Amino acid sequence: MTLKHLNMLSDAQLAARVAQDIPDGSYVNLGIGKPTHVSAYVPEGREVIYHSENGILGVGPTPAPGQEDLELIDASKRYITTAPGAAFFEHSDSFAMMRGGHIDIAVLGAYQVAENGDLANWATLDETYPPAVGGAMDLVVGVPTIFVMMKHVNRDGTPKLLERCTYPLTGLGVVSRVYTDLAVLDVIPQGFRLVELTPGNGFDAVQAVTGAKILT
Amino acid sequence: MDKTVTDLAKAVAPITDGASVMIGGFGSSGIPFGLIDALVEQGAAGLTVISNNAGAGETGIARLLRAGRVAKVICSYPRTPGSIWFERRYEAGEVALEVVPQGTLAERIRAAGAGLGGFLTPTAYGTKLADGKETRVIDGRGYVFEAPLGADFALVRADRGDKWGNLSFHATARNFNPVMAMAARHSIAEVRQLSEGALEPEHVVTPGIFVQSVVEYGIRP
Numbered sequence: 001m002t003l004k005h006l007n008m009l010s011d012a013q014l015a016a017r018v019a020q021d022i023p024d025g026s027y028v029n030l031g032i033g034k035p036t037h038v039s040a041y042v043p044e045g046r047e048v049i050y051h052s053e054n055g056i057l058g059v060g061p062t063p064a065p066g067q068e069d070l071e072l073i074d075a076s077k078r079y080i081t082t083a084p085g086a087a088f089f090e091h092s093d094s095f096a097m098m099r100g101g102h103i104d105i106a107v108l109g110a111y112q113v114a115e116n117g118d119l120a121n122w123a124t125l126d127e128t129y130p131p132a133v134g135g136a137m138d139l140v141v142g143v144p145t146i147f148v149m150m151k152h153v154n155r156d157g158t159p160k161l162l163e164r165c166t167y168p169l170t171g172l173g174v175v176s177r178v179y180t181d182l183a184v185l186d187v188i189p190q191g192f193r194l195v196e197l198t199p200g201n202g203f204d205a206v207q208a209v210t211g212a213k214i215l216t
Numbered sequence: 217m218d219k220t221v222t223d224l225a226k227a228v229a230p231i232t233d234g235a236s237v238m239i240g241g242f243g244s245s246g247i248p249f250g251l252i253d254a255l256v257e258q259g260a261a262g263l264t265v266i267s268n269n270a271g272a273g274e275t276g277i278a279r280l281l282r283a284g285r286v287a288k289v290i291c292s293y294p295r296t297p298g299s300i301w302f303e304r305r306y307e308a309g310e311v312a313l314e315v316v317p318q319g320t321l322a323e324r325i326r327a328a329g330a331g332l333g334g335f336l337t338p339t340a341y342g343t344k345l346a347d348g349k350e351t352r353v354i355d356g357r358g359y360v361f362e363a364p365l366g367a368d369f370a371l372v373r374a375d376r377g378d379k380w381g382n383l384s385f386h387a388t389a390r391n392f393n394p395v396m397a398m399a400a401r402h403s404i405a406e407v408r409q410l411s412e413g414a415l416e417p418e419h420v421v422t423p424g425i426f427v428q429s430v431v432e433y434g435i436r437p
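Just so you know, the sequences run in chain order A and B. Sequential numbering from 1 applies to the first sequence in this note's numbering. Sequential numbering from 217 applies to the second sequence in this note's numbering.
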């Protein structure tokens, strides 16, 4: 299947698209990697409080060079600052926030998402590699709204949106909405429902690179 | 009461071969680097290390792994940029690995410290990390039974401490340190600054009852 005739959002455009859907006043956990860029694009005038699993609510912007505090980092191990109203806490409290339903939205990357909302984002089928789960499984069972942001298709052309995941699952039926470089899709009881296509792409072309039926 | 110990070597002296040792820290923050270095010098081997990560670069837990002192790692995220010593030992079959979801790891440790016989969590239900574990459905939702996880020793890093063992922390260096101090039979705290008097009671995060010895190690990693 060829992708070369499709219009794809850049990583920055994708982060900006996700940011549009983060409401004012929400508590949000951004997963490691690309999801961390979402905060830079939240529209002005919205106050969003970012949680990082290693014990902070109120993650602020990256410090200026030379101003880093070596003991103030986020879950991606990047140096951060505190935002007004920030708080520090220990790990079991941090995961009580996640598991206990106190965080409103989590934005995560994924290897695969299935039409039943199953998520695979912690391990591949390569058994020689030591597995690493971190906080992903706790987050997906506890946070009511799970946004996934990812490429629509793997580099080798195989789909990441599937009828059923083939990689080990992180959580069952947990994904609310998927943002890809080609489309935004809601996960509803019947499967993936189209919210929007990246402008310039026809429905059939996007369906052709998707491993499950897209409902309209 | 005076729990202070004059140097790192004395603080880690009680650790024996085959001991289970919790080590605080997340990423590079809140790691008791001084106590770990002293433990490498001390020589105890066959250790079970319980920590969030499995070390990176050549310092901290990576140093223990490099020296061949670790028989087993229980952690949530062993694979980080620079975790070469863990990967080498793991690929050679020299170290066993138990991967535990991070929140389940923290709560299993807390359960041990709080005297609980375990708990039911929705985390990992239906995934391969729940294989072989007892499950239960409550109000239509699936839960996995997780057992408490205690240890013989905990090595923790704090910002300030006093001779009663009270500890306070700095920023995100708190992480697993308070909960690990609760869960080990013998907890050893490395503090950036040993207070001359008592810490202000309102500022104490880990009460001294959870800490058996305190040693000052001013170098901030």
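Keep in mind the hints are simulated off the structure, nothing from the lab. Treat the hints with care, since some could be wrong.
To be verified - Quick list of in silico lysine to aspartate or glutamate cross-link-like pairs, EDC-like style, CA-CA up to 20 Å:
id: 1; chain 1: B; residue 1: K344; chain 2: A; residue 2: E127
id: 2; chain 1: B; residue 1: K344; chain 2: A; residue 2: D126
id: 3; chain 1: B; residue 1: K288; chain 2: A; residue 2: E127
These numbers were taken from a predicted model, which means no experiment stands behind them.
### Task
Find the hints from earlier in the document that the structure breaks and name them by number, from lowest to highest.
No hint contradicted; all consistent.
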